[in-house]
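Chain order of the listed sequences is S and R.
To convert, note that position 50 of the first sequence is 50 in this note's numbering; the numbers rise steadily by one, no gaps.
To convert, note that position 91 of the second sequence is 91 in this note's numbering; the numbers rise steadily by one, no gaps.
Read the hints as simulated data drawn from the structure, not as lab findings.
C-beta atoms are modelled at their ideal positions from N, C-alpha and C, and glycine is treated no differently.
Warning: the hint list may mix true and false statements.
[Stated by the list, open to error] Calculated cross-link-like contacts (lysine-lysine; reagent style DSBU-like; alpha-carbon spacing at most 35 Å):
1) R:Lys97 <-> R:Lys68
2) R:Lys97 <-> S:Lys79
3) R:Lys1 <-> R:Lys97
4) S:Lys80 <-> R:Lys97
5) R:Lys1 <-> S:Lys80
6) R:Lys42 <-> S:Lys80
7) R:Lys1 <-> R:Lys42
8) R:Lys42 <-> R:Lys68
9) R:Lys1 <-> R:Lys68
10) R:Lys1 <-> S:Lys79
11) R:Lys42 <-> R:Lys97
12) R:Lys42 <-> S:Lys79
[To be verified] Have a look at the derived ranges for each label pair, beta carbon to beta carbon:
13) S:Glu22 <-> R:Lys42: 15 to 23 Å
14) R:Lys1 <-> S:Gln55: 16 to 24 Å
15) S:Ser29 <-> R:Ser69: 34 to 42 Å
[As the list claims (entries may be wrong)] Short derived list, chain R residues pointing at chain S, Cβ under 7 Å:
16) Leu44
17) Ser46
18) Leu49
19) Tyr96
Listed here are the chains, written in short residue letters.
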Amino acid sequence: SQTIHQWPATLVQPVGSPLSLECTVEGTSNPNLYWYRQAAGRGLQLLFYSVGIGQISSEVPQNLSASRPQDRQFILSSKKLLLSDSGFYLCAWGGQYDNEQFFGPGTRLTVL
Amino acid sequence: KQEVTQIPAALSVPEGENLVLNCSFTDSAIYNLQWFRQDPGKGLTSLLLIQSSQREQTSGRLNASLDKSSGRSTLYIAASQPGDSATYLCAVNGDYKLSFGAGTTVTVRA
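Using the sequences provided together with the hints, build the complete structure.
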């Protein structure tokens with residue numbers, strides 16, 4: 001069966017510091033991969049998605065970036081965090097056929 | 001741009017009552033629709049996936065209907081239990097991207 005991992009589970013970072021969140025998927029090949037953010041009191045916002053290695057599409061302009069160095073690995077990064085980057089970050093994968101999406105446990109990021 | 005609306009925003013019912021959660025979307029050109037459950041501080045759990053060609057999908061006490069032409073989906077939860085308390089999210093899949101509603105927060109009172 002397929003599983004999706006995210007780490008770390010929680011993170012507290014100062015403003016201006018770098019960020020790296022990692023997501024890995026097991027049990028499937030060539031998945032579509034997604035990064036979402038859920039801010040307090042707001043809905044889920046799609047940040048990036050990838051349909052293959054090295055292929056990244058950005059949905060919202062921001063100081064975040066994403067990379068897909070391997071088929072089942074998706075990384076969210078920032079060079080300098082802002083207060084507004086605080087939120088709950090969720091990684092998801094979807095199949096190539098129907099793209100039913102499955103979510104990881106999330107990373108709670110607090111920027112102080 | 002696809003817009004997804006969920007009504008009501010919150011719902012409180014006594015145990016045993018049936019739940020009806022509504023989702024509407026503005027663009028009927030969709031591939032499928034997913035219903036998710038989210039517990040506080042947790043990720044999303046996929047409950048049901050309805051393909052655009054389907055009218056409904058069932059899993060245990062859950063039944064979801066889809067009327068693509070009118071841009072509506074309804075999630076029914078039969079005989080609610082306190083363990084059903086959570087936020088339920090509707091998401092519409094268009095061009096491999098999901099557009100989410102804001103969710104309905106359900107509380108089932110014992």
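*Going back to the hint list, which numbers does this structure go against?*
none
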